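Student: Chains as they are written, first to last, in my numbering: chain D, 16 to 248; chain P, 2 to 231; chain B, 204 to 427.
Mixed in with the good hints, there may be bad ones.
As the list claims (entries may be wrong) - Keeping only pairs whose Cα atoms sit at most 25 Å apart, straight-line, the calculated DSS-like set for lysine-lysine is:
1) P:Lys6 / P:Lys195
2) D:Lys149 / B:Lys279
3) P:Lys143 / D:Lys149
Worth flagging that the hints you see were computed from the coordinates, not collected in a lab.
Everything numeric in this text was worked out from a predicted model, so none of it was measured.
Each chain, letter by letter, is given below.
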Amino acid sequence: MLNKKSETLEGAVGRVKDGATILIGGFADPGTPEILIDGLRDLGRRDLTIVINNPGMHNSGVARLIEDGCVSKLICSFQWPKESLVFLERYDAGQIALEIVPQGTLAERMRTAGSGLGGFLTPTAVGTVLAEGKEAMTVNGTEYVLERPLRGDFALIKAYKVDPRGNLIYRKTARNFNPIMAMASDFTIVEVQEDVAINELDPEVIVTPGVFVDCYYVTGWYEIGKPRSAGNA
Amino acid sequence: MKNKKSETLEDAVGRIKDGATLLIGGFGQPGVPEILIDGVCDLGRRDLTIVTNNAGTGHSGIARLFEEGCVSKLVCSFPWAKESFVFKELYNAGKIELEIVPQGTLAERMRSAGAGLGGFLTPTGVGTDLADGKPSMNVDGKDYVLEKPLRGDFALIKAYQADPRGNLIYRKTGRNFNPIMAMASDFTIAEVQKDVAIDELDPEVIVTPGVFVDTYYVTGWYEIGKERSI
Amino acid sequence: MSEQTNLLTRQQIAARAAQDMQDGWLVNLGIGMPTMIPAFIPSNRDVMFHSENGLIGMGPPPAEGEADQDLISAGKELVTMVSGGAYVHHTDSFAIARGGRLDCAVLGAFQVAVNGDLCNWRLPNQTSGSVGGAMDIAAGSKRVFVMMTHTARDGAAKIVAARTYPLTAMKVVTKIFTDMAVISVTPDGFVLNEVAPGLTADVVQAATDAPLNMDAVGTIDVAA
């Protein structure tokens, strides 16, 4: 049996190339794979498209990627919290493109990609600026917008525990987008607090089956949302 | 807090009326809510539309619904198993209508209803008889069929354990369609092997949150796929 | 209206809105003022709160020393979970929201139009303003209640005949709770249900840019 464990951070994120589209988990700080993001930053990749719910709080999380100029486009639902100073600065300077997607639609577009579907009809955003340019359809008297799948070359996600096959469980609201992103990428990289032996995870409670996971890196517990010095992952 | 438990089988299924559309869980025998189905048979309802994966086995469970003349239409993916002889006979006699839906599309159509969506584009069935009459679309060079949501007036599902809020966990492949059907109906009735006190189910492992469950009836363990005396 | 006295406090608006949260409801609360509602739910009512980041059964902020960094609300505050809750991932969470399983969403707003149009995510002619989950929740909830100040800081009416702000969702708002009044949104227009103690219906009408039906106006019970 192939063990999906990466012994080094570089081994986990090293195959991400310039220009890649990367789905990054997390809703605010919980579930954000901060160590993987730091690893990606250390690689100095450029021209990345990042799909993530929030563009990073303060100087943590994805804000560090943006700060280092790694990101050319951001796709997210919650782009303007006051804390997202780094993103705001780059956006105002015209250095980063932005696509706004309603949060439920963002999740559903990735699920659609992960499920091999070609799109879906949602009532969300009908009549709003976010529906402009998209096909509209009426089904049984209700108006819908046709939304397309959203797929990543890579997903960077965070989980609580993993077994050698890559089966994952999560912790509380740190689950959020992570299981959906795991489904929707060509190569899913996970940071986990702890790895356990095969058979230690109850198959009834696995949230992400290992089929959606390509490799994982064990980080141990850390306090989330705090800046770490570069290279200290 | 309102406890969603029904003390009697009739309380659990009694509000089902003639002509209703019922989503019924199960794949093969595991996960089929046989006790609830018996309850519906006992009510003698007529003209039901049944959405379920298989067309019944032997004379029990869903087959009993057919045999007792409760069903006017079946929506399923796998109608022609040899153990589904009751259905076959009725179908051949023109007494029951059939809509065949590919299994993944069946699940996705119900999820689409449960998720408040208006439909989805699937590559499944493209170019086949099952795509006839459905809109097709090409997205990024690939052909898809537009499939519509499928919603039930009721869902009859089977779970392993329930707490008073109706939070559910399942057991092995008895899970199958049940969590999806729970989402996709106006009124979801669960039969469960066992009920537990509040806080006994770990919130991390709940598969169906109680928001999707309207009532549950505790059956205890029973051997599945056997005829029961009525 | 900035000179107006007798306006309700934020707590009083929350307390009044809480009275409309019915036993057995599952409710989503928008960021800001609506998050004050749980503290005012009558103790004999069982109301569960859904937070779109995957939490069904959101509880109050944690006691000292009990915070868990992985347990937050959609407003990014540390919270707890009540008995009988469940964690779900994002598509299940929004299946609940869009699929009509929320009995009510209580949201803030910049404008509410007489047809129920909700505007709460972006100011006109600006690129800022976060959509978050507002469009999905507003489109899918069985009821959408708005909780806001009756007028903008500059005195402009926020309850209007037709919206001028960017739309969040069409024809969804059913009730409005403000520092001046409780107003229902009906097919026949706005109905003024209650006014704050010490205010008259005419004062509320003057602060509103659409006609109010004033056939049966009560007074908000601030003792509740």
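Student: Each hint: holds or not?
Tutor: Quick rundown of the hints versus the structure:
| no. | hint | result |
| --- | --- | --- |
| 1 | P:Lys6 / P:Lys195 | 11 Å, holds |
| 2 | D:Lys149 / B:Lys279 | 31 Å, violated |
| 3 | P:Lys143 / D:Lys149 | 18 Å, holds |
When the structure is compared with the earlier hints, a violation turns up for hint 2 alone.
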